[in-house]
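Trainee: If you want the building blocks of each chain, they are given just below.
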Amino acid sequence: MSASPLLPCFASDAFRFGEVASMTVALTRVETSPVAGYLADLSPLRKQLIVGRGCDLWLSSNALPNPRLMQRLTAEGWWVARIGAQQVLASGDIDADVANRAALDVAAPPCMVQNYDAVEIALGDVSAAPLLAELCVLDLTQFATDAWIPTLFAGVEVGLYREPAGPRYRVVCASADGPYLFTTLGELTREFGGTVIGFAEYFNTALTGGVA
Amino acid sequence: MHRLPPQPHEWVTRGTRVHFEFEGERFTALAGDTLTSALLANGQRLLGRSFKYHRPRGVLSAANHDANVLLQTATRLNLRADVEPVVSGEAYRAVNTWGGLRRDWGRALEWLAPILPVGFYYKAFFRPRWLFPFWERLIRRASGLGVVTADFPRTRRAARREFCECLVIGAGPAGLACARVLSASGIRITLVDENVRLGGSLTYAHSTDQDQQWLAQATAALGNASTLKVHTGAFAAGIYSDREVALVSAEGLITINASAIVVATGAIEQPAIFRNNDLPGVMLASGAQRLVRRYAVAPFLRGVIVAGNLDAYAAARELKAAGLTIEAVLDLDDPATRGASANELAAAGVRLAGPIKQLEAHAERAMLGRVSWTVDGIADSLACDGLLMSVGWAGATQLLHQAGARFEFAPTLNQMLPGELPTGVFAAGRVNGRYQLADRIGDGEAAAREVLSFLRGAAAAAPRPALEASARSHPRPWFEHARRKHFVDFDEDLQLHDLDVACREGFDNVELLKRYTTNGMGPSQGKHSNLNAARFLADYHGQTLGQIGATTARPFYHPVEMGTLAGRRWRPQCASALNPEHEAAGAEWMEAGQWRRPRFYRRGGEAESRLAEYRAVRERVGLIDVSTLGKFEVVGPDAARLLNLCYTGAVDKTALGMTRYILMCDHRGIIVDDGVAARLGEDHFYVTAGSSHAAASYRQLTQVAALFKLDVEIIDVTRQVAAINIAGPRARALLAGVTQQELAESAFPFLGIRETVLSGLQVRMMRVGFVGEVGYEIHLAYSEARQLWRDLVRLGQSDDLMPFGVETQRLLRLEKGHLIVGQDTDGVMHPFETPLTALVNFKKPQFLGKAALETLREHAERVLIGFESTHVDLAAPIEECHLIIDDRAVQGRVTSVGYSPGLNKTIGLAVLDRDSVARAKAFRIRLTNGAYADAHLVNTPFYDPKNARQVAA
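Residue numbers (the working numbering), protein chains in the order written: chain A, 4 to 215; chain B, 166 to 1118.
Worth flagging that the hints you see were computed from the coordinates, not collected in a lab. Think of the CB as a built atom: it goes at the ideal place given N, C-alpha and C, for glycine as much as any other residue. The reader is advised that the hints may include incorrect statements.
A few chain A residues facing chain B, derived, Cβ under 10 Å [unchecked claim]:
no.	residue
1	S7
2	P8
3	M26
4	P113
5	D120
6	P133
7	F156
8	A157
9	A179
10	P182
So, partial list: chain B residues that the calculated Cβ filter (under 7 Å) puts toward chain A [what the hints assert, rightly or not]:
no.	residue
11	F328
12	A740
13	P745
14	V800
15	Y947
16	S948
17	R951
Given only the sequences and the hints, what does the whole structure look like? Please build it.
Mentor: If you want it as structure tokens, here you go:
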């Protein structure tokens, strides 16, 4: 059993916790209400890092799209972002990777596939724009929704992408940076009229107006 | 009261009154008043004291262009009264007064003026030398503006970022015209103005119906623009590279990134220089106009205007129309040359005189009471309480200077104008030398078209309006006076005489003149003094203003509060996954770079707690969180080659499933890091680095990989992977209960690495021995670390397993003689001064630092050694960095030291001159209290010298 790196950021008496993909995470607030802006921990959405000259072949073997550098593409529940010349970050159904990895020919170009322990945060709606104005040196509204954007938030290295609808973003950072970043984002979210919500609430379209 | 009847478009709200205190006296203001306007409306003309001589001062510009009126409250400092709104119930007082504004006894300094000339601190007070500290304390007490106390509340100001395609700075006629054209084209614009309302000079001058109608239309047109953002009451403090602009307001700081910038910041009216030109009552004509039109305040009852251009006559006309009494216009030139403007005033009963000489203001009870002058040698004077100066303008070019613009002298205008501008920066309006209202509007529109051409490749821009044929600024607006008190720089109490002295002393360059005299170095940064000083210098040397040039303006345009610059405080921290476990176990924390680590776990007193941890590791089993270690996956055909280049050893010789202790040196051969390289595959290594050097090691690896174009990927997993070290005689037995991995020495030897499953979790285990017992360093996913830690603690209860902290770890590794890079090594230590010489493999063709090390190995002047001492004194212990002294010469220093409970002695590491080690094995260490402790050299390790315990079967 694993625990979300952001678990210490959630007050034990204000949230209900549970398991998603074998990871303990805050699921819902004890007292739920509609939110105008949100911040959520989506760390149970596991990721894999594929590294090496063989990463293109691995992607095609798994019928996954092959993005160019700093691009993120989606396909049937997966998204794939190329974060380096021979480094790809993928998020989606991870159970398929082990079998597919074994299916690669031994003569194929080398490729290392590893589970990538990282924090993923969703933020959006009314609190997103003023929060990003304080944290980010980039004009994120000018990036296409298929861009993978490496930048700094409050001094922390993050990679992020825009969601198609509204001022909504997904932010990925290293696990050890997660608690500080999430705490900082939480303070700003509340200051700008948003609410920290649970994993399950994020996917509750009635609550978040069609976020997921 | 000096409140006028309602003025068209005034900025005050008549129905709302605000009460406040100033210097202990109660006053009433209207909502919308600034402190300056409110005080003048109440007839309070004495508003401040000057910096050096504590001379009485009043309003000058009413535009925040000067620092005559700086006030403070109990919680805020150096408030700029010209723009600071009155806060109901607040108590204000002037800064820089000793005993209050009226009775300021600092004015006695003026009697010392003869011995306080320009640069007096270079010439006086340093003899006799013994007396200088007294003068220094006195001068320091006398200098500065305002008093800071620890009682000031802590406030947090927002600091955010905005983006636009075009930033227009200044919302006067040129800026509004520019913004209107741009907004119609759909460009994303931000328009900023330091005043609380748009309009610039149209809000205090140009009072015709036609002018005001244009303003209303322009403002309304902008109100409909969806791509326009407006910031009023905010000033552009500086322009930085890549067209980044810092915008400052009461709310905080906004950094604006723009693709193009239009600077339409207007012009700053300049003062005339004459005796007593700083008296309360002497002000700029535009300052009076601002007070009248914006705040409906009459700043005087009987006014006289000193004229150097036609703007003076226009000001006189408008002020009379507002109901003020203008007694006379004293022209620096012949009024007959002013044409219809002069005739109109004369017809209205205003006396015209000129060309005037020997202008002088006279005080009555420290306020302006009279003005005198001569024309054709005939002296004359008038009683007045307002003397308005309108002799010329200086473009507000500071932001253009910061952007890198070059300037050219326009002789017809007698002004420096922007010539070559940086790419994407444009100028419009009075800052660009256009003064007629129609020209300013046309110039703004032309600038907009140039912006469109720049951003969108639109059609070529229209030409700019032609420059006027006559100067707006008088070339020599000063009057010498034998009794001086003719101020050039009001901030610094700098007089014309001071400039003359500086010139005669040889400071003949505008930059030298500035620094020697401090001209332009006060809070207003020369807005009213730089031009006149440059003119004086040009006149002194018989040169033109263009030949003299100007000093370089740098940020900030106005002073900015430190709190605004601070904004929110970002202090990134890394958190180990195990921090909640440490907290629950009673950790006493320490900072380790961006991390926090347990120093020890409290189970009573500190000494008792640490002893318990020590005994647990030596006798049973202990657990320590080492997640702060740097960790890198090095993958690819050139992985071994990269590591061979970056580290001193033959990393490529590491067998599959084994680790190797590695050392990194820089190009000078200096030790910078150590770690472990584990071989997981032919082309796959897992490398650890010291906690404090992780980021630098990662950078080094990537740089070398790029430099040599290696086919390798380096992934920094320092903050994704947790690490736990379990050590002690019972470690192996405990782990055997939760893994299928064979742990016998034959199957999993010392320095081996295995990828396996431990307690149901995928881990990498390394047999490494930092503390000298059987130990395993377990690396696993961050999100699973807490589960493993809890499992091990639970399983270890029967063995009385104990978590141990950094202090205990340091002692344990010291007993084994293991060094810590950065503590036992310094910025010049190389491997041949340490026991690590075997880690340097010169057979490799190339590695970082090889060339330097080939020389250094023959020139090792120091040596890192182990020592023991019987000195055990808790009150005066041997400590790190204590010096080793022999015959009054420093031989070395202690790098690590501690009392070993197991060995019952003090042990340590020290770096010593090689010669002294060769001479004697005993030495003396000087303690903090000056006493000496005896110590002697010993071989390391101190504990288990045969390393039997680390490799126990």
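Trainee: Take the hints in turn and mark each one as holding or not.
Mentor: Quick rundown of the hints versus the structure:
1. Below 10 Å, beta-carbon pairs count as interface contacts, and S7/A has one with chain B at about 7 Å; its hint therefore holds.
2. Taking 10 Å as the C-beta cut-off, the interface hint given for P8/A holds, the closest approach to chain B being about 6 Å.
3. The closest approach between the C-beta of M26/A and any C-beta of chain B is roughly 6 Å, which is under the 10 Å cut-off, so the hint is satisfied.
4. Below 10 Å, beta-carbon pairs count as interface contacts, and P113/A has one with chain B at about 6 Å; its hint therefore holds.
5. For D120/A, the interface hint holds, the least distance from its beta-carbon to any beta-carbon of chain B being 4 Å, beneath 10 Å.
6. Given the 10 Å rule on beta carbons, the hint for P133/A holds: about 7 Å separates it from the nearest Cβ of chain B.
7. Interface hint at F156/A: satisfied, since its Cβ lies 9 Å from the closest Cβ of chain B, which is below the 10 Å cut-off.
8. For A157/A, the suggested interface contact is upheld, since its CB lies about 4 Å from the closest CB of chain B, less than 10 Å.
9. The restraint placing A179/A at the interface with chain B holds, with a minimum CB-CB distance near 4 Å, inside the 10 Å limit.
10. At its closest, the beta carbon of P182/A sits 4 Å from a beta carbon of chain B; the interface hint therefore holds under the 10 Å criterion.
11. The beta carbon of F328/B is positioned within 7 Å of a beta carbon in chain A (closest approach about 4 Å), and the interface hint is therefore held.
12. For the restraint placing A740/B at the interface with chain A, the shortest Cβ-Cβ distance is roughly 4 Å, inside the 7 Å limit, so the hint holds.
13. Given the 7 Å rule on beta carbons, the hint for P745/B holds: about 6 Å separates it from the nearest Cβ of chain A.
14. This hint holds: V800/B has a C-beta 5 Å from the nearest C-beta of chain A, less than the 7 Å allowed.
15. Because the smallest distance between the Cβ of Y947/B and any Cβ of chain A comes to about 4 Å, under 7 Å, the interface hint for this residue holds.
16. With 7 Å as the threshold, the beta carbon of S948/B comes within range of chain A, its nearest partner Cβ sitting at about 4 Å, so the hint holds.
17. At a threshold of 7 Å, the smallest CB-CB gap from R951/B to chain A is about 6 Å, leaving the interface hint in force.
Consistency note: the structure conflicts with none of the earlier hints.
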